[in-house]
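Assemble the whole structure, with the sequences as input and the hints as a guide.
2 protein chains.
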Amino acid sequence: MIIVQKYGGSSVADVPSIQRVAQRIVAAHDEGKQVVVVVSAMGKTTDQLLQRAKEISASPPRRELDMLLTCGERASMALLSMAVSELGHEAISLTGSQSGIITNDRHSGARIIEVRPIRVQDELERGRIVIVAGFQGVSYKGEVTTLGRGGSDTTAVALAAALSAEYCEICSDVDGVYTGDPRVVDAAQMLEAISHDQMIELATHGAKVLHAGCVEIARRTGVALYARATARRAGGTRIDLAGLAADVDAVGVTGQKQLVRVRAEGEHCIDRVLEAAVAAAVPALHLDTDMESADLWFGLADVPDWPSIRASLQSRLDILEGVGAVSVVGDGIGGDTVKLQRARRVAAEAGIEIVAMSTSPLRVSLFCEESRVDALVRALHRAFCERP
Amino acid sequence: MIIVQKYGGSSVADVPSIQRVAQRIVAAHDEGKQVVVVVSAMGKTTDQLLQRAKEISASPPRRELDMLLTCGERASMALLSMAVSELGHEAISLTGSQSGIITNDRHSGARIIEVRPIRVQDELERGRIVIVAGFQGVSYKGEVTTLGRGGSDTTAVALAAALSAEYCEICSDVDGVYTGDPRVVDAAQMLEAISHDQMIELATHGAKVLHAGCVEIARRTGVALYARATARRAGGTRIDLAGLAADVDAVGVTGQKQLVRVRAEGEHCIDRVLEAAVAAAVPALHLDTDMESADLWFGLADVPDWPSIRASLQSRLDILEGVGAVSVVGDGIGGDTVKLQRARRVAAEAGIEIVAMSTSPLRVSLFCEESRVDALVRALHRAFCERP
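In the order they appear, the protein sequences are chains B and U.
Quick note on our numbering: the first sequence kicks off at 1 and runs consecutively.
Quick note on our numbering: the second sequence kicks off at 1 and runs consecutively.
Please keep in mind that the hints were generated in silico from the structure rather than gathered at the bench.
Hints may be right or wrong, so weigh each one.
Which copy is meant is left open, so a pair is good if it fits within one copy or across any two.
Said to hold, decoys possible - When the alpha-carbon atoms are kept at most 25 Å apart in a straight line, the in silico DMTMM-like pairs for lysine to aspartate or glutamate are as follows:
no.	residue 1	residue 2
1	Lys54	Asp288
2	Lys44	Asp14
3	Lys141	Glu114
4	Lys339	Asp197
5	Lys141	Glu267
6	Lys54	Glu86
7	Lys44	Asp122
8	Lys44	Asp181
9	Lys44	Glu55
10	Lys257	Glu267
11	Lys33	Glu86
12	Lys54	Glu90
13	Lys33	Glu55
14	Lys141	Glu125
15	Lys339	Asp173
16	Lys141	Glu90
17	Lys33	Asp305
18	Lys33	Glu321
19	Lys54	Asp175
20	Lys257	Asp14
This is the structure we're talking about:
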């Protein structure tokens, strides 16, 4: 049975870490698994390479930037492969191209269009442990591409799907998915299981463990994920189609800061806020519109160059900064008026003004002043995720 | 007209150096040349990557080592390409594989078996400056390989030959080829021109400017080379089939230290010294044999692990260490008894004992105690390269 393990940059930050990861890989292989490993660049390597590029050019050609950044994963996969060999197991490292990760040609943010893991399968058949460079692929034009944020997770899930793997383990320095950020909520609990859909809502609205994009691929292809600590071999959170039989009101509460609202009023208001979204090149967190005005919310962390975008927008649009949001995620919550009311009441009781609200079937988000986000996370967590 | 420029690691050691190299490249392009650039890894990058591999394994799998080391050139070529773009010229970086550098599958010391620079030619046709990763290729099996010592020079010359380039410029922190090492011989002069054959003799016997292997390819393919300082746009030494019309006795004098002699006596003596050469995995500098004994000389700098090889040889062979050699290179010198006698007399007058002598048509080498090499270089340079 094939399994895919993905190790993030902090798990391979130095030689001792690489050696520990090698032992973890070998342990799975010794249990009879066919192991495919997807690895990120060591520690801060990608940031350092990016920094060097920025010293040369404020906006380096993206093709060249991809050529540069992919060095990070090539180095870490080769070193990890050596470390596995040193433990007496046969290993081989493969680039994105060699692994058959075919992408479109949008450099620095390419999308996987096909995975042809023929070489990976061949090497597994030979009994080898296969170490694949995360975050990178090859375009149909034969150019080296990178997948953008969370790219290594995406590589791992796409490979797991193409190989019909038993599951895909996303290993990091985090134990699993929690009901709330443990740094904010003392009572936060690790979840044993969660559905893909719930995880996508959590990831889109502030949870950092997994990237929404990779979970979306897992949902579409039916791949089961484990979010697990590199330091442990079991436990963690299982993310699959079913999730956990729900006897709680919500699976988690997440907070987001550094949000911004752009508002247009009068005629063509919706056109103008959509134009703003295109300028910022980010998906909207929430769009609200009526005949007279339209509101668009997005997260500044995803906006490449906010100051210049703000400058271009502020003559025509009303811009509100310093805002945050708290989201409660649970099946059916967004359509359950009793729970929505309860959420509003919790905020009111905590003395936190809510400037907007948005819902999806699995989620309600309350927008408030940035400085009140943590307090609202704690209050909503208590109300929805903790048993009285 | 196509030209190939090769820049060594010290020429691209940091961002300002890369920017200076970019200006030098653009200057050639502005003169109407089609410019192909071959670049080494930045500064000490290769050594650092190698060091990291050694922390993981005393003898890492060579395929993985090649995967690791090739990151160095990928990073430098991408950064150099960005720096050229920043100057307003179109540039594209290509890996060894993308440049069509096809090698055999001997990892860490692959030999180029074919160059198919189709992509390079396409990009040149589009008016682009092409930046190629030195030192690397792709085996006919599709694996990433490296070319061993002097590999980037080899890439440059092989590409120049395949592209029928006007010439190939080898740029480094050295001005050109000198009649002697300027750190040893005050009167050393830079040569304006030298033949491929003469350069091969100099490089094989101690000159550091160019690797013999790349000059051999240049000779075979008729490529003219320039050894030139990166800091200068003209001058340097031209290395071609003709060399310079000789009105001097010799083009140069080189010294070598850290040589070793292995000697076998009695029956099968020649077999035993050849076996020793195979064990050391290096070409002989000189082999001397008669019915009763055989001597083999080689340079320790080229031997991967001399202590263990010595241990395996010393029970059966007489080993002499601490020896050096001084070579005088000039057309016809090795067959000119008058000049050979003069060389011996110079050594005798300097009070230096000669333990062996070897000749080729273009060279005479005198073997002496290591500590006397510099003195003998100076004496022979005065006798053969300086006008009275």
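Structure-based check of all given hints:
| no. | hint | result |
| --- | --- | --- |
| 1 | Lys54 with Asp288 | neither (38 Å within a copy, 58 Å between copies) |
| 2 | Lys44 with Asp14 | both (11 Å within a copy, 19 Å between copies) |
| 3 | Lys141 with Glu114 | both (13 Å within a copy, 23 Å between copies) |
| 4 | Lys339 with Asp197 | within (19 Å within a copy, 88 Å between copies) |
| 5 | Lys141 with Glu267 | neither (44 Å within a copy, 63 Å between copies) |
| 6 | Lys54 with Glu86 | between (37 Å within a copy, 11 Å between copies) |
| 7 | Lys44 with Asp122 | neither (32 Å within a copy, 36 Å between copies) |
| 8 | Lys44 with Asp181 | within (23 Å within a copy, 43 Å between copies) |
| 9 | Lys44 with Glu55 | both (17 Å within a copy, 20 Å between copies) |
| 10 | Lys257 with Glu267 | neither (31 Å within a copy, 86 Å between copies) |
| 11 | Lys33 with Glu86 | within (19 Å within a copy, 49 Å between copies) |
| 12 | Lys54 with Glu90 | between (39 Å within a copy, 18 Å between copies) |
| 13 | Lys33 with Glu55 | neither (45 Å within a copy, 28 Å between copies) |
| 14 | Lys141 with Glu125 | between (29 Å within a copy, 18 Å between copies) |
| 15 | Lys339 with Asp173 | neither (34 Å within a copy, 73 Å between copies) |
| 16 | Lys141 with Glu90 | between (32 Å within a copy, 19 Å between copies) |
| 17 | Lys33 with Asp305 | neither (45 Å within a copy, 39 Å between copies) |
| 18 | Lys33 with Glu321 | neither (50 Å within a copy, 53 Å between copies) |
| 19 | Lys54 with Asp175 | neither (34 Å within a copy, 32 Å between copies) |
| 20 | Lys257 with Asp14 | neither (32 Å within a copy, 38 Å between copies) |
Comparing the model with each earlier hint shows violations of hints 1, 5, 7, 10, 13, 15, 17, 18, 19, 20; every other hint is respected.
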